[in-house]
Every structure is written in C-alpha cells, then in structure tokens.
Amino acid sequence: MKHRSIKKVEEGIFKGLMIIATLTIVISLFMIVVAIVKRGLPAMSWDMVSKIPSGGFYLGKEGGLLNAIIGSVYIVIGSVTLGLCSSLPIVLYLNLYLSEKSRLAQVTRLSFDVLFGIPSIVYGAFGFTLMVYLGLRSSLLAGILTVTILIIPILIRSIDEVMRRVPKEMKDAALSLGATKSEIIKPMLKQVVPGIITAVLLAVGRGIGDAASVLFTAGYTDSIPTSFSQPVATLPLAIFFQLSSPISEVQDRAYAAALILTFIVLLLSIFARIFSRKFSKNKI
Amino acid sequence: MIPNILRVEKFIDVSAEKLHVEKDSVDLAKANQILLSNKPHIRVRNLNVHLTKNHILKNVNLDIPDKAITCIIGPSGCGKTTLLKTFNRLLQNSPEVKIDGEVLVDGENVHGKNANIEEIRKKMGLLSQRPCPLPMSIFDNVAYGPRIHGIRRKRTLKLIVEKYLTEVGLWDEVKDRLKSPASRLSIGQQQRLCLARGLAVKPEILLGDEATSALDPISGKKIEELFLKLRDQYSIVLVTHTLRQAKRIADYVIFMYLGEVIEAGPAAEVLNNPKQKLTQEYLSGNFS
Amino acid sequence: MNKTRYNKFRQIREILVKNSMFILTVISLVFALVIGTSLYFKSEPILEKQSIGTLLGGESWKPLKGEFGFYPFIMGTIWVTAISVLLSLPLCLLAAIYLSEYAHPYVKKVVYPMIDVLAGIPPVIYGVWGILVIVPFISEKLAPHFVEFSTGYSILAGGIVLAIMIIPLMISVFIEIFDSLPGGLREASLSLGATNWQTIKKVVLRKSFPGLAAAVVLAISRAFGETIAVLMVCGNVSEVPKSVFDPAYPLPALIANNYGEMMSIPLYDSALMLSALLLFVIILAFNAISRLVLNRIEKNFAL
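Residue numbers (my numbering), protein chains in the order written: chain Z, 1 to 284; chain U, 1001 to 1288; chain P, 2001 to 2303.
Honestly, the hints are just simulated from the structure, not real lab data.
Small disclaimer: the values here were computed from a predicted structure and weren't measured.
The reader is advised that the hints may include incorrect statements.
Derived DMTMM-like pairs: lysine to aspartate or glutamate, alpha-carbon spacing no greater than 25 angstroms straight-line [stated by the list, open to error]:
| id | chain 1 | residue 1 | chain 2 | residue 2 |
| --- | --- | --- | --- | --- |
| 1 | U | Lys1158 | U | Asp1140 |
| 2 | Z | Lys186 | P | Glu2014 |
| 3 | P | Lys2108 | Z | Glu169 |
| 4 | Z | Lys186 | U | Glu1162 |
| 5 | Z | Lys51 | Z | Asp252 |
| 6 | Z | Lys7 | P | Glu2014 |
| 7 | P | Lys2207 | P | Glu2187 |
| 8 | P | Lys2299 | Z | Asp252 |
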C-alpha cells in the first residue's frame, strides 16, 4: 500500500514539473514578444517606415528604416525566386525519377538535412570568399546569392516532405495515359501548391531574419539600392548596427526595426499555419 | 465480338448458380472454343518478378483474350495487382524490382529494351482502386491525355470531352460545371471521370485494379455496367477480390495463389467446374 | 508523320528535362564539398605558418603581432553551448513528455503553434531580448549574489538566450521521437500493471534514448554555430572565461565581429576563415551523425 502511494507521489511531482516546464517555454515566448513590443512601440512612428535615415544610420538622429525594409524585401524576393528555381527541379527529380530507396535519393536527402543545420555564419563566410574570388564587393547581388544558399535546404526539405505524400496512384494515373515523367510535373506541382506556399513562407521568415549571412555579403547603407552591385541595408543588420550606437534616437530605430521584424515573422507564422495545419519538422 | 452464346451461359450462371450442374455441356465446350480462338491480346511468357528478396510472381504464363472481360481472382497478396502493373509497365526494373520474362501486347514485348513505354501505356487505360482525379478541372482531367498527345485545338478537345463523358454517363451530371475541380465530384462520379479520362486517349485495353472496391454499391454497379457495355470495343482486365463480381461480369477468369497462376479459363469453366483443388477450395470459401 | 515527329519531340524533351534535373541534383550534392574546400584554401596560409596545435591551444589573440590563439574562443563556445544545453535539456524533456504522453489534445493545439513561432523568431530578436531583459537581470539581480561585479554581458546571458533558441528544435524532435514509438510498447507495459509514469521511465525513455541523444547532438550543433544572438549578449572579450559571469567570445561571434578589418591585417582573414572551417567541419559531422541516427529510428518505427 505504502509502495503504491510513493509511486503516486512520484508521478505527481514529475507531472507538476512537466507542466511547469511547458509553461516556462510558453511564457518565455510571451516575454520575448512583450519585451520587444514594449520597447519598440514608443519608437514607432510613420517616419520610421517611410523615410531613410539622414545623417548616417549610426549617428544621424533623423529619418527612419525605409532603407532596411526595402533592402530586406529585395533580398527576400531575389533569394526566394532563385531558391525556388533551383530547389523545385531537385525535389521533382527526387520524387519523379528516383525511388524512395535509391542510393542517390537517400544521399541527397541526408545532405540537405545536414546543410540545413550549417550555421548561417559559415554560409556568410563562404559567400564572402566567393565574393573576394570573383572580385565583387558587398552588394545586393552577393546578399541575394548567400541568402539563396541559406534557404535552399529549407525549401527542398519542406517541399520534399509534401511531395513524398502525393499518392503513387496519382502518378500512375497520369503515366497510364501515356504521359512522360516530365509531363506529370505540372499536376504534381499543382497537387503540392499549399506545401510550396508553406515552404516559401518558412524560407522568407528565415531569409528576412538572418543577420550573419548578409553581414559579410550585403553590407549596409543609408540609401535604397538602384542596382544589383550596390550594397543594401537589411532589417536584422539595422537592429544589430544601430543598437550599438551611443545615440538613443538611433537605438530607438533599432528597437523599431526589431518590432517590425517580429511583426513580420509572427505574420508569416500565422500564414504558414493556415496553409499547413501539421506540426512540421521543417520549421526547426 | 463476344459470342452471344457465352453471355447466355453466364446469365444462367448468375441467375441460378445452383443450376450449374445441369449446364449444357455442349454449349459450354463451344463457348470455350470461341473464346480461346479469339486472338489473345496480351500474352505473358515466363514472367518472374522479384521485389527485393521476395519472389512475387512465379513463372507466370497467360493469354488474355481480346475484347472480353478477364477477371483475375485470388486471395489478397497473391500478386494480382503486381501482375496488372507489369502489363503497362508501371512496375519496372529498378534497384528493388527485378522483372524477367515477357509481356507481349499485340506481339510487342512491353518490357523489351526498345519498347516505347508511353505508347504502350497509352494503349492501356488504368482504373485504380481509389479514383485519382488529377488536381485540375473536370474538363482538364479528360483533356489531359489528348493534350499531352498533341491535340491542341479547343473544338476538338471539347468534342472529345463530351464524347467520353457521355460514354461513361457523366455528361448530363457535369456539363454545367466542367470548369470546377474534379475533386468536388462524389467518389463514384470521380471513378467514372477517371474511366472517361482513360478512354479519351483511345486505349485498346482497360485495366482495373479493384476498381469498384472503394465505391458505394450503386456506383460500383454503374461501373460494372460500363464494363459490360465497353467489352465489345476493349479488352478488359480486372483484378477483383469479390468472387461475386467475377461471377457477374467475367468472360474469362484467372485464379492466382501465392504468385502462381493456378487456373485460367473461361469464366463458366473455372468458376463452376474448377479442375484444381486449390481453386475449388477458394471458390467454396475455405480461405480468402 | 506529324504524329511521330511530335512523339520524337516529347522524347527529346523528356531526356532534356530528366538530365538537367539530374545534373542540378548532383551539383547540389557536391555543394558541401565546395564550401569545405574553399574555406580550406582560404585558411591554408595560416596553417602553413603555424601548426594546428598551437593555433587551437594558444591563449593569446593579437592579430597585429601575428598571434592567433583560438583557445579562448573555443572555450567560450563550449561554455556557452554547455550552459544552453544544460538549461534547455531538462525543460524540453519534461515538456515533451508532458505534451506527448499526458497533455489533452487541446493543450497541444495551443502549445505546438507557439513552439513554431518560437522557432521562427530570428536570432537578432533573441539578441535584442537578451539585451533588454537577460543582461540587466544578470547584472542587477543575479550576479551581485555571487561576484563583485558583472556587466551582465556574460556566458550566462549567452547561455540563457541560446537555451531559449534551441528549445523549439529540441522539443519538436523529442516529441517526434516519442510519437513514433509503437503504441503497443506502452500498452504492453501498462497491461502488466505499470503506472503511466513507470511506463514512461522504464519503457518510453529507455527505448527512445538513441533518438534523444541524437536530438541533443543536433541541438548542440545548432547552439555551436549561433552567431548574432551570442555576439550581442556575450561581451566579446578574448580571454579564457573563469566563471559564468565572465564575458566570453565564441567562435562565430569572432568571425562576425571582425570581418571589417580582416582584410587589412596579414593572416587575419585566413585565421577567421579557419574558424569558419572549424565550425563547418564540426557541425557537419555532428549533424550527419544525428541525422543518420534519426533517419534509422524513423525507418524502424514508421509502420
């Protein structure tokens, strides 16, 4: 009898600890969002999102973040476009031409799992060596290329995950009408449109928030670039650089940028949820 | 071109199953003869299929008659579906699958090195267990096949779509919403749509992989009726696990067990007077 | 005639599409190799001058004098990573058990999206949070109890921020592992009269140990390579840290912080690329091992 009750108590204690652990995690999320909003909201103004900084982003007290907002949008649009162009063919090849157990398919999937885990600073350093080798300076183009490398594993893994679930019968149905494999690409893609959208949202989230990859390659500037060879400002770097400024108005810009970035990321999460209700391993 | 006599034969079989003892043996023999004298449409010779280490099909030799309904019966896992898939080469040599032997369609080996795989598949319409509409509109589903085979003219496509949707009795039901996604149709309608889609590339053979098992009884009956209607124009091969369906519509029956063909012959003969002990036991429900 | 020509066209198109996809796939496969070799070539100059042993073991970092000792940075990385894993592992394990074994589906419905959101927050935001909340907390509330003075920019701050950052990764792999265990396993134990908790302790945890270990390795490698957040809260002093309230200078932060001047000092860029190479090789190995283990588990249990 006594033994029994000890067991009960033990289970109770651990269950309590588990609930506390879960709550801690949930609360820390709220703490982060609250801290960012609390500090960022007072710094927000219409000028913040509609003006570029004047007098230098590090010292100038006037102006806003338009350079970083536009810059991030440029980088993300460019890299997601490039990323989709290179990852869709790979995913299609894996799913159309290779069987699940083929050596090449297994190695490719593993390699993208691994590349997914490589930190962005390494991609940044690699992008930098590539830039030096090609004689480029930090620019919009270099930033786009590096972020593309960063998001390709995300795109491939998450599109592959949904494409693997396309029923074999659907492929068979199209094939049995006499279609060649390249002719069933279109129905295959149509079938996984929600998956592709989710993948793109994930990639946008990662691309827009990553600082280490653009640090070396995109540079930073007060103005909005007009060509691919000019440096470009980005939101994460706007936070990073301006936060270390001694001038409080400049720091305000950093906090406002943090608020904007958090808002964008939250929005992306919500949209991704709408398109895929599943708890996907590709979000981590 | 199925001889009428065979149909009568089968009618007797279905309507009065117990009567088979007194069946007219002369008629039966004659029916068999006619059926087999039809030039076989598909001939399978020494077909062996290995899936990784499992021997799925063991030395299969078969003739599938032209313009008739052939039912492949047998307990689940006996290789029926695998056999069907070797016909249009949806199962082909790969690291996991090893196929030996020949499947001759109109004399051409499907698994030969120089076989034009798309042309072969075009010859054979496939109806799978669950209907698989492609992710596009009703119209586009039927037009998909003709389109990939090079038909671009809108008017021709419209005519084709109407013709085959009418053929499967779907035209009146969907003619006002051809542009809506095929996935909105009911399962039974979807299966008929898939049949129309298959017919639209003008096949000579129809393959059905338990094509009615996922449907409600009424939709299933409609599909069966369509098969009966179509058998004058197509050679139809159906994998079925309901014996009753074979009894209702089969002209020719193949019984498989553990990857081997145990018995094959005209429906009346195999279903009523099986020669093999295994077939007898299966038919009497001793295993399934 | 037209028909056969069209078919010919289709065949050629098929071959073109297939082969270009194949080539792209193969290129993507050698990509890791390209990264590795290019970083290696960049770090070769310094490897020729000094042995890898003196580089890794050296304590002095004076680029102007040509002294490149990585030891403080390596120690900084290890400290920060160790603290983050120590903090997040128990949290994740308990929460994952709760979510997969006890929690009401409704709770899961609320918590899972939150974990997703946590995973989606960019590192730089975690860094801002660290500066706003964690650093002052350490310097004003926590540190005075232990040491005389700390700015708050410290190993502990980096560890806490990183711990929160790796929680989503760790917890979702944990949950996936628990969920992939065959249900019969639990029923077998429960039907022998074991309580829920005993079943978890004796069966679930034991059976999923390799997967959990792989997940932890995955989380370690994530923490290892994290840059901006630790750069913002760790203090960045190139000395071997002595306590958790000391500042530290992890390897990724070193790379990120010095890219500006690295081209102007001889061998500096080479030294930084060597640290990038180190990160790359270590994380590549960690990731490959844990992914292989996780893949195997998925295959064995996925039925």
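When you check the alpha-carbon spacing of Z:Lys51 and Z:Asp252, does it fall within 25 angstroms?
Distance of about 14 angstroms is within 25 angstroms: holds.
Please work out if P:Lys2108 and Z:Glu169 have their alpha carbons no farther apart than 25 angstroms.
Violated. P:Lys2108 to Z:Glu169 sits at ~33 angstroms, over the 25 angstroms cutoff.
Restraint status (C-alpha distance of Z:Lys7 to P:Glu2014 at most 25 angstroms):
violated, 66 angstroms
For the pair supplied as a hint, Z:Lys186 and U:Glu1162, confirm whether the alpha-carbon distance does not exceed 25 angstroms.
holds, 24 angstroms
When you check the alpha-carbon spacing of P:Lys2207 and P:Glu2187, does it fall within 25 angstroms?
holds, 14 angstroms
Are P:Lys2299 and Z:Asp252 close enough, with their CA atoms no more than 25 angstroms apart?
violated, 51 angstroms
Pair hint outcome, Z:Lys186 versus P:Glu2014 [Cα-Cα no greater than 25 angstroms]:
Measuring from Cα to Cα gives roughly 14 angstroms; hence the hint holds.
When you check the alpha-carbon spacing of U:Lys1158 and U:Asp1140, does it fall within 25 angstroms?
holds, 10 angstroms
In the structure shown, a violation is registered for the earlier hints numbered 3, 6, 8, in ascending order.
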